[in-house]
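K.L.:
The lines below spell out each chain.
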Amino acid sequence: MMKRRSWQEYQKEIADDRYYYARSCIRQNFFPGSEKAFIDILQNDLGKDLLDDPKHSSCTGIGYHSDIVPLETIMTVVARQFSLMNEAGYENFVTSCITSFGIYCEVLSTWNEFPETEEKTRENLLKATGREFRKPASLAHTSDVMFHFRDQIAARAKHRLVNAVTGEPLKVVEHIGCHYAKIFPKSGIGGSEFPYVLAGMIESWGGEVVDYPERRHCCGFGFRNYLVQANRGYSIANSHKKLESMAPYKPDFIVANCPGCTMFLDKWQYAIAEMEGTTYGQNGHGIPVLTYEEMAGLVLGYNPWALGLQMHQVDVEPLLDKMGIEYDPAAKYLGRNGKYIGKPASAVVNCCPTDTIYDIRE
Amino acid sequence: MKKRIIVIGGGVAGMQTALRLAEQGVEPVIVEKEPELGGKLRGWHVLFPSFTPAEEVLTALRRRVNESGIEVLTSAEVVGLEPRSVRLADGRELHGDSVVVATGFTLFDASIKEEYGYGIYDNVFTSADIERMFNEGRVAKADGTAPRRIAFLHCVGSRDEKVCQQHCSKVCCITGVKQAMEMKKLFPEADVFNFYMDIRMFGPGYEEMYREAQQKYNIHFVRGRISEAAPTIDGRVQIKAEDTLTGRPLRMSVDMLVLLIGMRANDDNARLAEGAGLNRASSGFMAPRDLFLGNVCSNVGGIFYAGAVTAPKSIGETLNEATAAADAAAKYAEA
Amino acid sequence: MAAINFGYTISKPRAIDLDRNNLRKSDEILREMPELQTCIGCGACTAICTAGNLTSFNFRKVHTLVRRGEYQGAYEEMNKCMLCGKCRLVCPRGINTRGVVMLIKRKLGDF
Chain Y
1 MMKRRSWQEY QKEIADDRYY YARSCIRQNF FPGSEKAFID ILQNDLGKDL LDDPKHSSCT
61 GIGYHSDIVP LETIMTVVAR QFSLMNEAGY ENFVTSCITS FGIYCEVLST WNEFPETEEK
121 TRENLLKATG REFRKPASLA HTSDVMFHFR DQIAARAKHR LVNAVTGEPL KVVEHIGCHY
181 AKIFPKSGIG GSEFPYVLAG MIESWGGEVV DYPERRHCCG FGFRNYLVQA NRGYSIANSH
241 KKLESMAPYK PDFIVANCPG CTMFLDKWQY AIAEMEGTTY GQNGHGIPVL TYEEMAGLVL
301 GYNPWALGLQ MHQVDVEPLL DKMGIEYDPA AKYLGRNGKY IGKPASAVVN CCPTDTIYDI
361 RE
Chain F
363 MKKRIIVIGG GVAGMQTALR LAEQGVEPVI VEKEPELGGK LRGWHVLFPS FTPAEEVLTA
423 LRRRVNESGI EVLTSAEVVG LEPRSVRLAD GRELHGDSVV VATGFTLFDA SIKEEYGYGI
483 YDNVFTSADI ERMFNEGRVA KADGTAPRRI AFLHCVGSRD EKVCQQHCSK VCCITGVKQA
543 MEMKKLFPEA DVFNFYMDIR MFGPGYEEMY REAQQKYNIH FVRGRISEAA PTIDGRVQIK
603 AEDTLTGRPL RMSVDMLVLL IGMRANDDNA RLAEGAGLNR ASSGFMAPRD LFLGNVCSNV
663 GGIFYAGAVT APKSIGETLN EATAAADAAA KYAEA
Chain C
698 MAAINFGYTI SKPRAIDLDR NNLRKSDEIL REMPELQTCI GCGACTAICT AGNLTSFNFR
758 KVHTLVRRGE YQGAYEEMNK CMLCGKCRLV CPRGINTRGV VMLIKRKLGD F
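Residue numbers (the working numbering), protein chains in the order written: chain Y, 1 to 362; chain F, 363 to 697; chain C, 698 to 808.
Keep in mind that the hints were calculated from the coordinates and are not lab data. Where hints are given, some of them may not hold.
Claimed, not checked - Lysine-lysine pairs mimicking DSS-like chemistry, simulated, CA-CA at most 27 Å apart: (1) C:K804 with Y:K267; (2) C:K709 with F:K578; (3) C:K709 with F:K602; (4) Y:K12 with F:K602; (5) Y:K186 with Y:K267; (6) F:K532 with F:K402; (7) F:K532 with Y:K3; (8) Y:K241 with F:K578; (9) Y:K55 with Y:K127; (10) F:K578 with C:K758; (11) F:K602 with Y:K186; (12) Y:K241 with C:K804; (13) F:K547 with Y:K182; (14) Y:K267 with Y:K241; (15) C:K758 with F:K602; (16) F:K365 with F:K395; (17) Y:K186 with Y:K135; (18) C:K722 with C:K804; (19) F:K524 with Y:K3; (20) C:K722 with F:K547; (21) C:K709 with Y:K250; (22) F:K602 with Y:K250; (23) Y:K250 with F:K693; (24) F:K602 with Y:K182; (25) F:K532 with Y:K186; (26) Y:K343 with Y:K36; (27) Y:K171 with F:K365; (28) C:K709 with F:K546; (29) C:K709 with Y:K182.
As the list claims (entries may be wrong) - Part of the chain F face toward chain C, derived, beta carbon under 8 Å: (30) K532; (31) N580; (32) R585; (33) S589; (34) L607.
The beta-carbon is built from N, C-alpha and C at its ideal position, and this holds for glycine as well.
Input sequences plus hints: build the corresponding full structure.
P.N.:
Printed below as a string of structure tokens:
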């Protein structure tokens with residue numbers, strides 16, 4: 001096991017209760033069960049007060065990092081989120097997206113360093129919406145909160161990150177995402193070189209973290225670099241580099257912190273397989289990729305299909321089998337109300353022949 | 363009656379200062395916080411550029427101190443000083459006619475540069491570790507086998523704003539060249555790479571030694587700072603740098619990564635300076651009265667400096683400076 | 698399996714990978730002319746180079762790349778040298794630069 005002595009030097013205050021929850025723009029499309037799982041785990045399993053406020057908006061981070069949204073605008077949008085939080089009577093802001101987390105850190109830090117920008121933002125917000133705001137008492141990413149409660153979750157675990165047959169810990173690759181700790185290393189648990197936020201969960205829940213040569217490397221999302229098709233060649237090359245580097249360690253799955261990274265590490269496996277015929281999983285297929293909420297959900301015994309795992313590019317069934325999780329293959333593509341949601345065409349990275357899956361049309 | 367001068371620090375600077383004072387007919391007393399004399403040199407193997415064993419220098423200095431009957435207080439930490447007195451941690455107070463501060467420096471803690479994984483990856487070492495390993499006669503990878511590829515990284519904790527050490531530690535470049543040559547002598551089949559930002563060969567014979575390392579020892583010098591180290595599946599270390607002379611990123615795995623750690627100012631310089639009204643440089647080292655005609659004097663009459671307490675220095679420079687400091691302190695005491 | 702064309706390809710890494718590069722030729726060159734290793738990258742050779750002022754030829758960079766095991770194109774690059782020898786006059790390390798050009802051409806004709 002890796003000697004991560006330094007992580008304890010990077011601690012931050014994480015509130016114990018009463019969270020104002022800010023969702024991500026893209027996570028609900030890519031891993032639709034993740035945010036729901038976070039809310040359920042906090043409210044139902046841990047009995048915490050969390051407000052999922054429909055009034056809040058995008059932080060506009062994607063636009064900001066794509067040079068479409070100016071700094072003044074994003075500061076005003078952030079101020080409005082804080083105002084909504086004040087109005088709802090909360091003061092602990094938790095955000096589901098790594099880029100949003102980076103944006104909130106950046107805006108708060110800018111206001112701190114350049115108080116005139118905060119004054120200007122107050123003016124702008126008042127003009128645009130008639131609102132005022134107070135800054136949050138604490139700011140955390142939702143993975144920080146999950147990390148904070150990792151031992152409580154471990155105490156309630158139905159499954160552990162352990163091979164149910166051999167008893168060996170599962171080998172897990174973790175990826176925290178650049179905007180979690182590379183912009184403000186002190187805002188991330190464990191800092192940026194030896195981040196512990198996901199590693200802590202993995203270790204608490206019985207798994208073993210893989211430290212591979214390109215562990216700190218960016219997934220290649222990069223906003224402009226991915227949004228423009230002509231640039232995707234070097235976007236995908238970054239995920240390719242990571243996958244090449246981690247494959248010899250035979251990881252059982254990848255867990256990622258950031259919306260973009262989770263999607264890329266999952267979906268680029270498909271693109272690489274189709275372009276070059278290369279796959280990285282032990283079974284000749286892909287390496288399953290989870291969000292940390294999905295990982296926590298599996299540990300707590302949530303139904304994999306309720307967690308939305310059928311929406312992943314790489315099939316997760318080999319992982320479920322290793323963990324000894326029972327699931328109904330026939331229910332994979334049935335939605336929450338039992339309605340057939342469609343199924344993807346068969347691909348190299350997938351291991352489950354699609355004909356074993358129940359198709360309601362047949 | 364003989365004048366008495368307090369010398370704080372029993373390393374090379376302190377011992378040489380005391381010896382010179384004794385020679386001048388002054389009575390020195392050395393106050394050393396460690397249980398024995400020797401300072402940082404105790405951990406060193408051989409000295410650049412002549413490969414003279416450090417032990418040779420140390421033994422000679424200690425013997426002379428002993429033979430001169432110089433009073434030595436060991437395990438005695440100084441917590442405050444004035445031109446005519448020094449206060450120890452145990453409450454004792456020593457009196458004299460002037461004070462020479464020869465408290466040296468602190469080695470940079472390489473684990474602060476987290477990206478190199480010192481203390482985390484088994485095959486990442488510091489230059490001090492290598493000297494110790496040479497002294498113990500056991501230079502090897504963590505698993506005991508011989509390295510086939512070794513990388514040295516210059517400027518770890520020097521010239522680095524990120525760790526608040528903006529100064530050049532000066533002696534690490536030549537130490538890197540020296541250690542690379544020692545490694546090559548020990549492991550002739552190994553490939554040795556030195557990653558540097560600038561090679562600063564400031565002393566007599568240093569440039570010649572650098573050239574010998576290049577031409578005769580086939581040591582590869584790559585101009586570029588290693589940006590991060592990571593473990594490989596077989597327990598080696600992967601490093602990344604830019605080969606700035608070709609304008610291309612470069613990566614490779616090595617069996618041993620050696621970090622050439624810099625010299626930084628002692629943490630207690632601040633407290634000592636404040637108590638005595640002494641000036642410090644922005645680097646945290648003590649600031650001499652002036653850099654030309656008063657470089658062993660402090661800004662306070664009766665307090666003098668010798669050695670690396672004012673800036674990183676080589677052993678030779680330290681010995682010279684200690685002599686000058688002793689003369690200045692003796693002159694002050696006699697006046 | 699026919700590869701799907703997504704409208705982009707996976708970019709190849711630009712890094713010099715010393716784990717993959719074969720340094721055998723480079724070692725041979727350095728064994729024949731150890732003085733080349735004393736280059737300190739001052740660039741005087743390139744500054745004075747007749748060919749380098751008219752073409753993209755950069756003697757210092759090409760021989761450095763060769764020393765890293767990057768042989769591709771080195772022979773063609775060295776062909777741009779007019780062998781005038783001014784680089785040898787300015788080299789502060791006294792490297793026989795013209796000899797380096799000829800040696801690289803002799804060793805790397807196949808690359």
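K.L.:
If any of the earlier hints don't hold here, list their numbers in rising order.
P.N.:
Going through the list in order, the structure violates hints 1, 2, 4, 5, 7, 8, 12, 13, 23, 25, 27, 28, 30, 33 and respects the others.
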